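Could you put together the complete structure from these sequences and hints?
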Amino acid sequence: TGSVKLASNWVVTGGARWNLEANKIDQYMVGAGYVDDCFILAVNYVTSYSYVANLSTPPVLSHTWMFQLGLRTLGGTQAGTGTGGVY
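Using the numbering used here, the first residue of the sequence shown is number 3, and each one after it goes up by one.
By construction, these hints were calculated from the structure, which means they are not laboratory data. One or more hints might be untrue.
As the list claims (entries may be wrong) - Using C-beta positions, here's what the derived DEER-type ranges look like: (1) S58 - R19: 19 to 25 Å; (2) T75 - G17: 27 to 33 Å; (3) V13 - V54: 31 to 37 Å.
Only a predicted model underlies this, so the values are computations on that prediction, with no experimental measurement involved. Where is the CB? At the ideal position from N, CA and C, for every residue including glycine.
And the structure:
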């Protein structure tokens, strides 16, 4: 994973996860957010691949959106939605 600060409070993130068993990348993540001393607001998009034992079969795709809202002195919350089983 990595992140780049675009301005004083804006950041863009991205990442990938390697599946050692399948010897392939099985997840990509891209996101953006606003961060200051008291407040966090972020959104991330994640694409996951589920590989089966038969590697000639296409992977099952899952797409997820995640939202994060944080108030540093009061706590925070996260929510997400996604789809699975898309070829």
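Results for each hint:
Judged by the Cβ atoms, the range 19 to 25 Å given for S58 and R19 holds: they are separated by roughly 22 Å. For T75 paired with G17, a C-beta distance near 29 Å keeps the hint of 27 to 33 Å intact. Between V13 and V54 the C-beta distance comes to about 36 Å, which sits within the given range of 31 to 37 Å.
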